[in-house]
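J.: Listed below, chain by chain, are the residues.
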Amino acid sequence: EDKVVQSPLSLVVHEGDTVTLNCSYEVTNFRSLLWYKQEKKAPTFLFMLTSSGIEKKSGRLSSILDKKELFSILNITATQTGDSAVYLCAVASVSNFGNEKLTFGTGTRLTIIP
Amino acid sequence: DTGVSQNPRHKITKRGQNVTFRCDPISEHNRLYWYRQTLGQGPEFLTYFQNEAQLEKSRLLSDRFSAERPKGSFSTLEIQRTEQGDSAMYLCASSPSGTTANYGYTFGSGTRLTVV
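Going line by line, the protein sequences match chains A and B.
Residue numbers are given in the numbering used here: position 84 of the first sequence equals residue 66, and the series is strictly consecutive.
Residue numbers are given in the numbering used here: position 35 of the second sequence equals residue 171, and the series is strictly consecutive.
For the record, the hints were derived by calculation from the structure and aren't laboratory data.
Among these hints, one or two may not hold up.
[Unchecked claim] Only part of the chain A face toward chain B is listed, based on derived beta-carbon distances under 7 Å:
| # | residue |
| --- | --- |
| 1 | K(-15) |
| 2 | F27 |
| 3 | G64 |
| 4 | L70 |
| 5 | G87 |
| 6 | T88 |
We treat Cβ as the ideally placed atom computed from N, Cα and C, and that holds for glycine.
Let's have the full structure, built from the sequences with the hints guiding it.
T.: Right under this line is the structure:
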């Protein structure tokens, strides 16, 4: 069964700090790894990673994938209170029926203290 | 197009009642997914449609659950004889086929179900 594990489960830091969120996975037929930010409602897409070692950046957020060691990290620099959310890691894989689906981790709850 | 739309946003029902949720995906997306998310957990896959065909169902989807996507547009998820364990957020997501590589899946805001 496909498995995605995120750590830490929760993190509390002060505004301006840098944080690193971790995601490890065990899936068959890996296709891509995705990061989402979830506040009170729908997860919103952050990054999709398909190749090892290529960093994706968007403002203060960046992410990288290691397909050999089966993990990804999400970095947030100069954190702001608006970064407080649950960050979800998901892996897209092809099921035994040939369909793509997402398997999510439980998320990391990030709280930024002003 | 304003994204993936789900209705209702909240539903409170008594145990044993039937409920139906609706999802309107982004119009050009032919893939549609239903996920369930309980408190403190990540979303769990329930079922997948490509156009109007339901191609895969999770073992989480008991026989009390049924989903449809007539004409390959909107989808409905029905839960019959609801139980307290069905209380969760039900999320719908859509994506275009073949190009999820760049934009991932777009999620709706979800329907929060509370069974009392």
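J.: Please list, smallest to largest, the hint numbers that this structure does not respect.
T.: 1 and 3
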